[in-house]
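**Q** If you're matching them up, the sequences are chains A and B in order.
Residues in the first sequence are numbered consecutively from 14, following this note's numbering.
Residues in the second sequence are numbered consecutively from 1413, following this note's numbering.
Treat the hints with care, since some could be wrong.
[As the list claims (entries may be wrong)] Below 16 Å or equal to it, Euclidean Cα-Cα: the simulated EDC-like pairs (lysine to aspartate or glutamate) are: (1) B:K1593 - A:E113; (2) B:K1593 - A:D118; (3) A:K115 - B:E1590; (4) B:K1593 - A:D116; (5) A:K174 - B:E1694; (6) B:K1593 - A:D308; (7) B:K1593 - A:E95; (8) B:K1593 - A:E96; (9) A:K16 - A:D244.
Note that these hints are calculated values from the structure, not bench results.
Here are the chains, one letter per residue:
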Amino acid sequence: MAKVILKDIKKIYPHSGSSRKRSLFKRKKNEPEKKSNLQITDQGVVAVQSFNLAIEDNEFIVLVGPSGCGKSTTLRMIAGLEEITEGELYIDGELMNKVEPKDRDIAMVFQSYALYPHLTIRQNIAFPLTIEKVPKDEINQRVEQAAEILGITDLLERRPKALSGGQRQRVAIGRAIVREPKILLMDEPLSNLDAKLRTQMRAEIIKLHRRIDTTFVYVTHDQVEAMTLGDRIVIMKDGFVQQVGTPQEVFNRPRNIFVAGFIGTPQMNFFDAKIILEHKQYYLEFNKQKIALTDELNEKLAKTSVDTMDIILGIRPNHIQIGASDDDQVVEFEGKIEVAEMMGTEMHLHILVEDEEKTVVVQIADISEEQLAQLKEDNILKFGFDLSHSHFFDAETELRIQK
Amino acid sequence: MTMDKILKKWFPVFVIPTLAAFIIGFIWPFIQGVYLSFCQFTTVNNAVFNGITNYQKAFTDESFANAFGFTVKFAIVSTILINIIAFIIALALTSNLKGKNIFRTVFFMPNLIGGIVLGYIWQILLNALMSAIGQPLLALNSKAGYWGLIILMCWQQIGYMMIIYIAGLQNVPQSLLEAAKIDGASSLQTIFRIKIPMVMPSITICLFLSITNSFKLFDQNLSLTAGEPAKATEMLALNIVNTFYARAGAAWKGIGQAKAVIFFAIVIVIALTQLYATRSKEVDQ
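So here's chain B without its partners, still in its complex pose (with noise of 0.2 Å):
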């Protein structure tokens, strides 16, 4: 029996680890979790059968909706201008600058901070401009807390995004970028027909990151606004969490684990269609 038939026959042995860690971990967990969305529970063990209840609650709650609307307002903005300026940077940072990877480094410390640390950094100097220019405070000013948790989520994620780029760059062949230039195309044609069509597989990766980091973000949604003013800027997980600790009763856990599972399927349905559209537009080299 040569190597190959052997592997092909007993393969399912050596796959068994890591199958088993991944069902007792994963997927059990999961299909567990499913389960108790459709119940009344406060532990696993007292969980009681009670239909689609808790989704025509999580559906009529008026909160959810508002986080909803938010997080995905918040999500828009935040990709567009994270991988743009992220671009721009790394277009700066692959040319000939002088220093660059200085440039590099720094663009990328903010990733290494923790977002509950930054939420409370950027909370101080938020609020310390806003005071400066006589207006309301984080925590009373709805609009403020929207455009902190962009810039917040802009200063963390541009590094990363900005290496993700870098790397998409420096693999454009330099002969097509010289072809382009003799072919007449100017800087500007270059990026737009040249560069951004040869570096799609990083904009596919990038685009994926952050739209599924801005879904989920909650560290920095907690530590910057705490969804002040009166909920206003409370995002889709911090909204989960608020359901299933926060409120008093039985009941509520189980809509919680129902709107995690409804915040699930989001997450999936416009990661999987943006990862289906970014792909197409791929080539191989």
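So that you can see chain A by itself, here it is in the shape it has in the complex (with noise of 0.2 Å):
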């Protein structure tokens, strides 16, 4: 259990002397070297920036973002397995950046499970209290808790080499919780396993957490496990934090696109739309409608004093209903169905609005035999959407208008 503050923390990898050569050389002869959107300074490669957080006692943090994003480094910045090149880290309110790691009462999940191949099961989650020189029986006696909580107790004197994946992953959170940690770090530990046992596993985390009061910092890149781990979820792209907030937050009011089209699957769509300021009544044109807003959205924009602006409207694939209504707060438009899939309870269509793909999610027990039989490919359909389920971004800045 512990609290940790990140203030202002920023990571940069410094250029190493032959890269730095070449990419003088690579100038001279007018390549331009881009491989991602991290800020290149002349002290390196800014892989983290003003990154500030504060992880409360026992809360559970994930940290989600594309590759690239800096998620791991911050991770790692945590664990003092990454040096932090400016900010503060405290754990507790001690102050950690130049604490080696095995002072700062952590314990770490790898991706890779990194087992040690030349110890039995038991001998690999006893290795840290070992080390601690910890008393025999009580080495025995928590190795053996731990390997209940987690239903490996007939593994103890395998070696890792004779076990499956989704076993190893949980020797290595075994390890990991022995020796009753402050916070727990986890390197996105369930993306070498398959996806039924990743699920499984998903629920045994959760699981784990709600009995180990501990403080969990967890890393992915799959929005899935960070909406359904997370108590609150931090969105990273290039370094930068893009938004912080509980599950439901991330989802219903988005920072920006990016974490817009982020967070949920299918993505969500966007569209080319203008915010008209007339008389103190804002109105949305989009496909050629004009359709005067309700009072609380009016009331909302209000108090963000837009103008008259471009924008990009979101809207997610199941708030999008087929067929043309007669609410004058419905915006329709036309779509040709490229492919649909039929998932089941639910059917994802594909469709094209104006040489731009869409995605459209139908739940099968909302519609008439009628309307299904129309689903299918290269059919042409009405489709509409109720403004009060859209989001607003402003098209130049990318960020979310609506407050």
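Hints given; two lone chains; assemble the complex.
**A** Below, the structure is given as structure tokens:
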């Protein structure tokens, strides 16, 4: 159990000697060198910047983002495996920047499990305790307790090689919890498992968090994992934090287009649109329709003091309905079905709207047989969505407009 | 017929050339050699069988026993020193040391010089040192001869073993070392509890090489001390050569041959024991 505070954390990976020479050489030849959008300064590549976060006692925090966004680097800085270039890290009020990993009272679970192949499972789990010179009886007792929590008691005398991926991951978690650390760090612990096992382990991690009083910091690239596990989610991109919030918050009120597109499957649809302000009334112009916004939306927009502007309108696939509607708050458009995927209780439609691909999720139970028969490839249908479900983003800054 | 079946049927045909070469070049001379150790001869054509007389003489030859004792002493000390120092250097050169590639090359270089030449170079160096500190020269100083051989062997072999240890250490997954770091292991604990167990395959091969090299040492022994003073620094291989060539009389060739067979058996037993002992400590990742 511990409070963790990250204050203005920054990580710069210095250029190695040879790469600097190479980049100078390349610049002379006018070859642009750009693999990611990470900022490159004279000191090196900036992997993480202005990272501010206060993690509460016993909280489950998930860092999520695409590869190269700096989430693992942040975790490794908390662990002490990477040096913090700038900023301050506090664990329980103590400055930890220069403290060795072993003195931070943390434990970590690695993606590759990192089990010691020459030791048995019992010795693996006991390793941190043996190092601490805990008495033998106590070690045995604690190892067996951890093994019981994770259901690996009958594996204790085997070696890691004889175990399956899921079992190895349990052992890795066992080795982490046996020390009763203040903070449990997990770096993509489920990424090497198959889909079924991943779902199962996810539930077990939730149960584990309930069972042991420890602050969890969890890194993943999988937004589903982030949504299901996290008390709060930190979404990162290109070294910057995009949004911090509960799963509900980031799903319902994404701060920008990146978060809106990253969280939720299938992905949110985006349309170009325009907001028009006339005599204190806001209108939405979309697909040659001009709709006066409801008082509620109007008020919200009035608070932000936006003027007439181009926006990007976001709508989640399950909020798009089939067919025309009389409701004056429903925006309509036409789309051609490209692919119809039957998922059982729902159907995913990939439709083409003015040469752009959008996704629609249809609940089979909500539509008539007649309508279902229409959902065939190459059919052109009318679709619509209620504006109350839509998200408005500034087309230029890509930031959310409604507060 | 599938390709597999064809190969299974005809593989003996393809093995014949190599097998023939192996039999002609190794197996047959080896059998002949073992047979000759039971004969009195000057050339292969005039060998006369004389039972185990050669072996009796070999075992009662005091110089052979002395050479064996000296060789064992030498092999134990040089193997330990070579491997410990090579491993320490490999540890240093796998850390974030500046210019580690240059160091690796420099440490490896002595291995490129032949044993005879090295022996002469070190003889000159050590004799100069001995005379400077007022001690008898190598030819009259068996203690200096022993340590001279050890220094020479270390100087030549450490670089080679270092390369094997570096390869082994680089194979230890980074995440394992990070896990150990987080689990609270100090760098010394990481070396003894993680790195050494993980490089067991390298240790096996390095121990095997250094033990057999030390036992079979000949060139360096010949050029540094030539067994002087009074055969006190004569090792097994040199003793065998001296028995075979340097003594008059038909009897000695057979005795030399018997010693060579004994020598072979000793090296095989020691090497296999060591391989078995260290192999059992290896783990698959």
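**Q** It remains to establish, for every hint, whether it holds in the given structure.
**A** Hint-by-hint comparison with the structure:
1. B:K1593 - A:E113: Holds. K1593 of chain B to E113 of chain A sits at ~9 Å (cutoff 16 Å).
2. B:K1593 - A:D118: With Cα atoms ~12 Å apart, K1593 of chain B and D118 of chain A stay inside 16 Å; holds.
3. A:K115 - B:E1590: 10 Å, holds
4. B:K1593 - A:D116: 10 Å, holds
5. A:K174 - B:E1694: Cα-Cα ~13 Å, so holds.
6. B:K1593 - A:D308: 59 Å, violated
7. B:K1593 - A:E95: 12 Å, holds
8. B:K1593 - A:E96: 14 Å, holds
9. A:K16 - A:D244: It holds: about 14 Å lies between the C-alpha atoms, which stays within 16 Å.
Hint 6 from the earlier list is the only one contradicted by this structure; the remaining hints agree with it.
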